[in-house]
Amino acid sequence: MIWGVLQFPGSCDERDALHACSRLGEARLVWHEERDLSGVDAVVVPGGFSYGDYLRAGAIARFSPAMEAVAEMAAAGAPVLGICNGFQVLCEAGLLPGALLLNESMRFTCRQVDLIAARDALTTPEGGQVNERRDQEGERLSIPAKHGEGRYWAPEEVLDALEANGQVAYRYAPGQNPNGSARDIAGVRNEAGNVVGLMPHPEHAVDPLTGSTDGLRVFEAVAAAGAPA
Amino acid sequence: MPRARVLIRPKEGILDPQGKAVERALPALGFDGIERVHVGRMVELEAEDPERLAELCEKLLANPLIEDYEIQTL
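Protein sequences, first through last, are from chains A and B.
Quick note on the working numbering: the first sequence kicks off at 1 and runs consecutively.
Quick note on the working numbering: the second sequence kicks off at 1 and runs consecutively.
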C-alpha cells in the first residue's frame, strides 16, 4: 500500500506521519497544490496548523487542490485518516460529521491519554495479543494528545446517530477527556468506515523510544477499513 | 465597490469558553452586571456582488454547523 501524507503550509506532524506510514508500506509527502494523487492508495491528513488555522482550524485547507483529490478518493472508498488538524480539515470538508471547538479549558493541552477503541475499530495485530479487556469495553490505546481546538461537538441527534451507527471509533477513557468533547468522543468515522478522524496523535506513538507503539494499530485499522484507491 | 461587514458568532447553546473567560474577568475590573458575553469574529470586505455574500458565508466565512452569521451592507 502506498500512503500519501498531505503537507500544507503550516503542517507540522507530516514527518512523523510519514514515518508511521512507512512502517506499514511505502509513503510519500503530497504537497497541497498537487491535484493528481494517482498512485496513492491511502491518505493521511496530518496535524499542524494548515494555512495558519486562519479563520477556523481547517477552514482554508479544505479548499486546497489536494483535498479535492482526497474527497474523490474518500468517496471511492479509499482509506483516509485525519489526525488533529487533519481531523478538523475532514470535518470542515464535510467528509466527517461534527466540528472541533476551542478546548473547554481555553488552554492548549499536551498529554498522554488512554483511548478506548470501538470493538470493531481495530484489526487484530499479526501474531499479536489482543488486550483481554477488548471484549468488554473495547481495546485501550495509549496515545499523546496535543491541541487547543479539540472539543468534538455535533448536535445531539447527530451524536445519537453516530453512536447508533457505530461511527464513534475512539473515546477518551473515563476521566481523561482533555478538552470537553461531547460524550468523550476522540475520533469518528464516516458511515462507510473508510474515513477516520481523531484528535490524538497515533503517529507519535509508533516507536518504543517514545513510550507506546499503540498508534500503529490505528494506521493498520485505517488501512484495513478502506479499499485502496 | 460596495462595502460589507460580516458578523460571525457561536450558535446559541454551544459552550463559548472565550466569552466565559471574558465574562469572568470583568468583575475584577469593576464591571459588574455584564452577562452573556460571546466572542465572535468580524470580517470587513468589499464585494462587487453583495448578493453572493450569503453563499460566501455558508462556504467559508462561517461554519453553519456551529456559527451564525449576519451580513451588514454599509
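Hints in this document: simulated from the structure, not taken from any laboratory.
Heads up, a few of these hints could be off.
[Stated by the list, open to error] Some chain A residues judged to face chain B by a derived CB distance under 10 Å, without partners named:
# : residue
1 : R15
2 : F49
3 : R56
4 : C91
5 : A99
6 : L102
7 : N103
[As the list claims (entries may be wrong)] Computed spacing ranges between beta-carbons, pair by pair:
#  : chain 1 : residue 1 : chain 2 : residue 2 : range
8  : B       : E48       : A       : D120      : 50 to 56 Å
9  : B       : A21       : A       : P65       : 36 to 42 Å
10 : B       : A21       : A       : E68       : 16 to 22 Å
11 : B       : M1        : A       : P65       : 24 to 30 Å
All C-beta atoms, glycine included, are put in the ideal place defined by N, C-alpha and C.
Now for the hints, and whether the structure bears them out:
For R15/A, the suggested interface contact is broken, since its CB lies about 29 Å from the closest CB of chain B, more than 10 Å. At its closest, the beta carbon of F49/A sits 17 Å from a beta carbon of chain B; the interface hint therefore is violated under the 10 Å criterion. The interface hint given for R56/A holds, since its Cβ lies 6 Å from the closest Cβ of chain B, which is under the 10 Å cut-off. Look at C91/A: its Cβ gets to within about 9 Å of chain B, closer than 10 Å, so that hint holds up.
Hint status for A99/A relative to chain B: holds, with the closest Cβ pair at about 5 Å, below 10 Å. Interface hint at L102/A: satisfied, since its Cβ lies 5 Å from the closest Cβ of chain B, which is below the 10 Å cut-off. The interface hint given for N103/A is met, as the beta carbon of that residue sits about 7 Å from the closest beta carbon of chain B, less than 10 Å. Checked against the hint of 50 to 56 Å, the C-beta distance between E48/B and D120/A comes to roughly 52 Å, which is consistent with it.
The hinted range of 36 to 42 Å is satisfied by A21/B and P65/A, whose Cβ atoms lie roughly 38 Å apart. Between A21/B and E68/A the CB atoms are about 37 Å apart, so this pair departs from the stated range of 16 to 22 Å. The hinted window of 24 to 30 Å between M1/B and P65/A holds, with their beta carbons roughly 29 Å apart.
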